[in-house]
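Student: Chain by chain, the residues:
2 protein chains.
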Amino acid sequence: MGLIVQKFGGSSVASAEKLEKVAEKIINEKNAGNDVIVVVSAQGKTTDRLISEEKEITDNPSKREHDVLVSTGEQITIAKLAMLLIEKGYKAVSLTGWQIPIVTNSEFGNSRIRYIHKETVLDLLTSGNIVIVAGFQGVDENLNITTLGRGGSDTTAVALSANFNAERCDIYTDVDGVFTADPRVVKNVRKLDKVSYDEMLELASLGAKVLHNRCVEIGKKYNVPIYVKSTFEKNSVGTLISNQKPLEDLIVNGVTKDDNISRITVIGLENKIGKTYELFKLLAENNINIDIIVQAFGETFIKNITFTVKMTDLNRTLKLLNENKEKLNAKEILHAENLSKVSIVGVGIANKPGVAAKMFEALYERNINMHMISTSEIKISVLVDIEEAVNAVNSIHEKFFK
Amino acid sequence: MGLIVQKFGGSSVASAEKLEKVAEKIINEKNAGNDVIVVVSAQGKTTDRLISEEKEITDNPSKREHDVLVSTGEQITIAKLAMLLIEKGYKAVSLTGWQIPIVTNSEFGNSRIRYIHKETVLDLLTSGNIVIVAGFQGVDENLNITTLGRGGSDTTAVALSANFNAERCDIYTDVDGVFTADPRVVKNVRKLDKVSYDEMLELASLGAKVLHNRCVEIGKKYNVPIYVKSTFEKNSVGTLISNQKPLEDLIVNGVTKDDNISRITVIGLENKIGKTYELFKLLAENNINIDIIVQAFGETFIKNITFTVKMTDLNRTLKLLNENKEKLNAKEILHAENLSKVSIVGVGIANKPGVAAKMFEALYERNINMHMISTSEIKISVLVDIEEAVNAVNSIHEKFFK
Numbered sequence: 484m485g486l487i488v489q490k491f492g493g494s495s496v497a498s499a500e501k502l503e504k505v506a507e508k509i510i511n512e513k514n515a516g517n518d519v520i521v522v523v524s525a526q527g528k529t530t531d532r533l534i535s536e537e538k539e540i541t542d543n544p545s546k547r548e549h550d551v552l553v554s555t556g557e558q559i560t561i562a563k564l565a566m567l568l569i570e571k572g573y574k575a576v577s578l579t580g581w582q583i584p585i586v587t588n589s590e591f592g593n594s595r596i597r598y599i600h601k602e603t604v605l606d607l608l609t610s611g612n613i614v615i616v617a618g619f620q621g622v623d624e625n626l627n628i629t630t631l632g633r634g635g636s637d638t639t640a641v642a643l644s645a646n647f648n649a650e651r652c653d654i655y656t657d658v659d660g661v662f663t664a665d666p667r668v669v670k671n672v673r674k675l676d677k678v679s680y681d682e683m684l685e686l687a688s689l690g691a692k693v694l695h696n697r698c699v700e701i702g703k704k705y706n707v708p709i710y711v712k713s714t715f716e717k718n719s720v721g722t723l724i725s726n727q728k729p730l731e732d733l734i735v736n737g738v739t740k741d742d743n744i745s746r747i748t749v750i751g752l753e754n755k756i757g758k759t760y761e762l763f764k765l766l767a768e769n770n771i772n773i774d775i776i777v778q779a780f781g782e783t784f785i786k787n788i789t790f791t792v793k794m795t796d797l798n799r800t801l802k803l804l805n806e807n808k809e810k811l812n813a814k815e816i817l818h819a820e821n822l823s824k825v826s827i828v829g830v831g832i833a834n835k836p837g838v839a840a841k842m843f844e845a846l847y848e849r850n851i852n853m854h855m856i857s858t859s860e861i862k863i864s865v866l867v868d869i870e871e872a873v874n875a876v877n878s879i880h881e882k883f884f885k
Numbered sequence: 484m485g486l487i488v489q490k491f492g493g494s495s496v497a498s499a500e501k502l503e504k505v506a507e508k509i510i511n512e513k514n515a516g517n518d519v520i521v522v523v524s525a526q527g528k529t530t531d532r533l534i535s536e537e538k539e540i541t542d543n544p545s546k547r548e549h550d551v552l553v554s555t556g557e558q559i560t561i562a563k564l565a566m567l568l569i570e571k572g573y574k575a576v577s578l579t580g581w582q583i584p585i586v587t588n589s590e591f592g593n594s595r596i597r598y599i600h601k602e603t604v605l606d607l608l609t610s611g612n613i614v615i616v617a618g619f620q621g622v623d624e625n626l627n628i629t630t631l632g633r634g635g636s637d638t639t640a641v642a643l644s645a646n647f648n649a650e651r652c653d654i655y656t657d658v659d660g661v662f663t664a665d666p667r668v669v670k671n672v673r674k675l676d677k678v679s680y681d682e683m684l685e686l687a688s689l690g691a692k693v694l695h696n697r698c699v700e701i702g703k704k705y706n707v708p709i710y711v712k713s714t715f716e717k718n719s720v721g722t723l724i725s726n727q728k729p730l731e732d733l734i735v736n737g738v739t740k741d742d743n744i745s746r747i748t749v750i751g752l753e754n755k756i757g758k759t760y761e762l763f764k765l766l767a768e769n770n771i772n773i774d775i776i777v778q779a780f781g782e783t784f785i786k787n788i789t790f791t792v793k794m795t796d797l798n799r800t801l802k803l804l805n806e807n808k809e810k811l812n813a814k815e816i817l818h819a820e821n822l823s824k825v826s827i828v829g830v831g832i833a834n835k836p837g838v839a840a841k842m843f844e845a846l847y848e849r850n851i852n853m854h855m856i857s858t859s860e861i862k863i864s865v866l867v868d869i870e871e872a873v874n875a876v877n878s879i880h881e882k883f884f885k
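First to last, the sequence lines map onto chains B and X.
Under this note's numbering, the first residue of the first sequence carries the number 484, and numbering increases by one thereafter.
Under this note's numbering, the first residue of the second sequence carries the number 484, and numbering increases by one thereafter.
Since the hints were made in silico from the structure, they are not lab data.
Any given hint might turn out to be false.
All copies of an identical chain are treated as equivalent in the list; a pair is satisfied when it fits inside any one copy or across any two copies.
Here are the simulated DSSO-like cross-link-like pairs (lysine-lysine), alpha carbons at most 30 Å apart as the crow flies [said to hold, decoys possible]:
id, residue 1, residue 2
1, Lys571, Lys546
2, Lys538, Lys508
3, Lys546, Lys601
4, Lys571, Lys528
5, Lys717, Lys703
6, Lys504, Lys546
7, Lys841, Lys793
8, Lys717, Lys538
9, Lys810, Lys793
10, Lys546, Lys508
11, Lys546, Lys574
12, Lys528, Lys546
13, Lys538, Lys574
Looking at chain B on its own, in the form it has when it is part of the complex (with noise of 0.2 Å):
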């Protein structure tokens, strides 16, 4: 008997059948004399209906008018969410992000959440009211609507529930849980019942595309109990992301690739304090997304450094390095294209002689090469041809979890 946040994605909500699942889970809840806060997206294709819309308007939106445009989707799905409730015989609201309101930063398309008002929630729950909020905006404090980018929702639903104390947020989606790996690529995937924060956020960061980082990096810092559930298989347990260690003996949680990777090195750069420092500011400052760094020390004072960006912005950054070679004391720029991260996750990886060797036991076994190696307190990253990836993760996957 406490608050539970329940969440239901832009698949969960996208007809009025569907909406008819929702509402049942949502009053199954409520009649176990819960508090009910529910977060929903806009339905199916709603938001890529908008913004191919947009799209016959300008190819380069304001940035303020599309956040205008795209937040009418999820004020769609929480008015019928809402008459679907009452009438059913329960009672319920509808907020959208300015009338609760969740109060954000001005970074349209991708803002930041800075508070959440707390009184006019818990008015309407205290009155018996089932809550049902707008995921993906906000509003920020000049009264402009704002949203908040990717998985904006999920961080909606868990950033309510770090406000509000939630006994637990329940992420509803259309698969049971989180997996050892991707299943449209690997065969016989095992569900994890349980992953840590720092694990899921691994998952998330290398491709799973279960959760948000965002969402689970709020979820570890108020310490949000997350459920990955289904909305259409009864009785899903799902998965719980929380800070429990795992009570089952897995050394690796997951496996998981990320494609289009390409990989660059700048050769000889001048090993004196600053240099790389400089390097990496220039790319910052040209918005250049850098995934992993890897520096390998020569015994002389030069050094080289390697990093990977996504294929989409390869060319601009070898156009940017080229111009400020002489800058950066740099004497070549390589580069590799169409490789993926192949990754594997766990808790006991750090701990546990030998993961890393059996992982790249899998890949030599299957006569895959690796073109970069990087490894964390609790994931191992290679890279390797992005033809070779379903392969490797394969592989991979076997080796840990047969």
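Assemble chain X onto chain B, guided by the hints.
Tutor: Same frame as chain B, now just chain X:
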């Protein structure tokens, strides 16, 4: 060089292509040195689509949630129009009802404007912005979204004009102004250059359907010059609605018809003070909308009273009256179905002898029977059989405008 308010209806903003035409009209005013506030409706069939989606969920939607749902239509239009103007190099900002805010009472679906805040709009105008406002919507004092009901976007436009003391309010529509009769019914209609607020009120309530009464009432109260113009005709002069007497020597300004009227006669109502009040109080309490009332005193202590209701209200009105027959001391309840109200409107009617006679002559010539006559300062209405209505309107129009 003043403030102009422009309003564009649903068919004027129905597509990206049509928004281009709208942008042109806006830019013309802006380039002429004016401040411009633009009010828009939902695009084309958007509201209809939202309502049909709503019907998939419930036939009896929560009124609050209905307003949350349908108000998204105008929000989509303002965002698109603002980004189009920005794309064209103009400063433009969209505002929803709650962002201004336009504060209304809490009667969802049919709310009344209480006040409009000035600061946000004035700040934006002062800094050179074209302000694009979502019509039809407001917000109540508890931050609930409200809508203004039928003709709501016109009401928004005229209310903003009054609030910001606009030089004029241009209502753009798909016709070129106000005509002497409905062009779909009558041949050789004439466009009126000017009509008074009162005439427009009669024309609107009599079925001319160019402007909703509420917006004309606000225009009259605050003396806002309203132009009805065509979005798509170049150099449309339109019709001016103001308190000016028409320059032309037209006695009659329009001929209208309103179909699906029924007439009810209560025979033998006791001729006692209070009995008439009792009758209409009963009807009002049951939300039955009465149009014309005619009462003819007899020579006895008995009176008959006749009034009209919409065909859709006929059955429940008859049921109600028969249930209360004894209480009202009425002898008999008679009725006639399937009638049309045909009316002429013009400020000259009261002062010009022979206008009524001329109207009746037109009907007599075509052998059309009148079931009821009602006159006011600026209009004469008669009831005819519905199948004679088009014939009647044409005959009268020919008589006055040939």
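Student: Each hint: holds or not?
Tutor: How the hints compare with the structure:
1. For a Cα distance limit of 30 Å, the shortest separation of Lys571 from Lys546 across copies, 15 Å, qualifies, whereas the shortest one inside one copy, 39 Å, does not.
2. In the homo-oligomer, the alpha carbons of Lys538 and Lys508 lie at most 30 Å apart only across protomers (22 Å), although the nearest pairing inside one protomer, at 37 Å, exceeds that limit.
3. When the C-alpha separation of Lys546 and Lys601 is checked against a cutoff of 30 Å, the pair qualifies both within a copy, at 28 Å, and between copies, at 25 Å.
4. For the identical chains of this complex, Lys571 and Lys528 are neighbours both inside a copy (26 Å) and across copies (29 Å), given an alpha-carbon limit of 30 Å.
5. Only within a single protomer do Lys717 and Lys703 lie at most 30 Å apart by alpha-carbon distance; the minimum there is 28 Å, versus 61 Å between protomers.
6. Proximity of Lys504 and Lys546 under a CA criterion of 30 Å is satisfied inter-copy only: 23 Å between copies versus 35 Å inside one chain copy.
7. In this assembly of identical chains, Lys841 and Lys793 lie within 30 Å of each other by CA distance solely inside one copy; the values are 28 Å within and 83 Å between copies.
8. For the identical chains of this complex, Lys717 and Lys538 are inter-copy neighbours only, at 27 Å across copies versus 40 Å inside a copy, given an alpha-carbon limit of 30 Å.
9. For the homomeric pair Lys810 and Lys793, the shortest alpha-carbon distance inside one copy (24 Å) is at most 30 Å, but the shortest distance between copies (84 Å) is not.
10. Proximity of Lys546 and Lys508 under a CA criterion of 30 Å is satisfied inter-copy only: 24 Å between copies versus 35 Å inside one chain copy.
11. Taking identical chains as interchangeable, the C-alpha atoms of Lys546 and Lys574 lie at most 30 Å apart only when they sit on different chains, with a minimum of 13 Å there against 36 Å within one chain.
12. Taking CA atoms no more than 30 Å apart as the test, Lys528 paired with Lys546 passes in both settings, with 21 Å inside one copy and 26 Å between copies.
13. For the homomeric pair Lys538 and Lys574, the shortest alpha-carbon distance between copies (20 Å) is at most 30 Å, but the shortest distance inside one copy (39 Å) is not.
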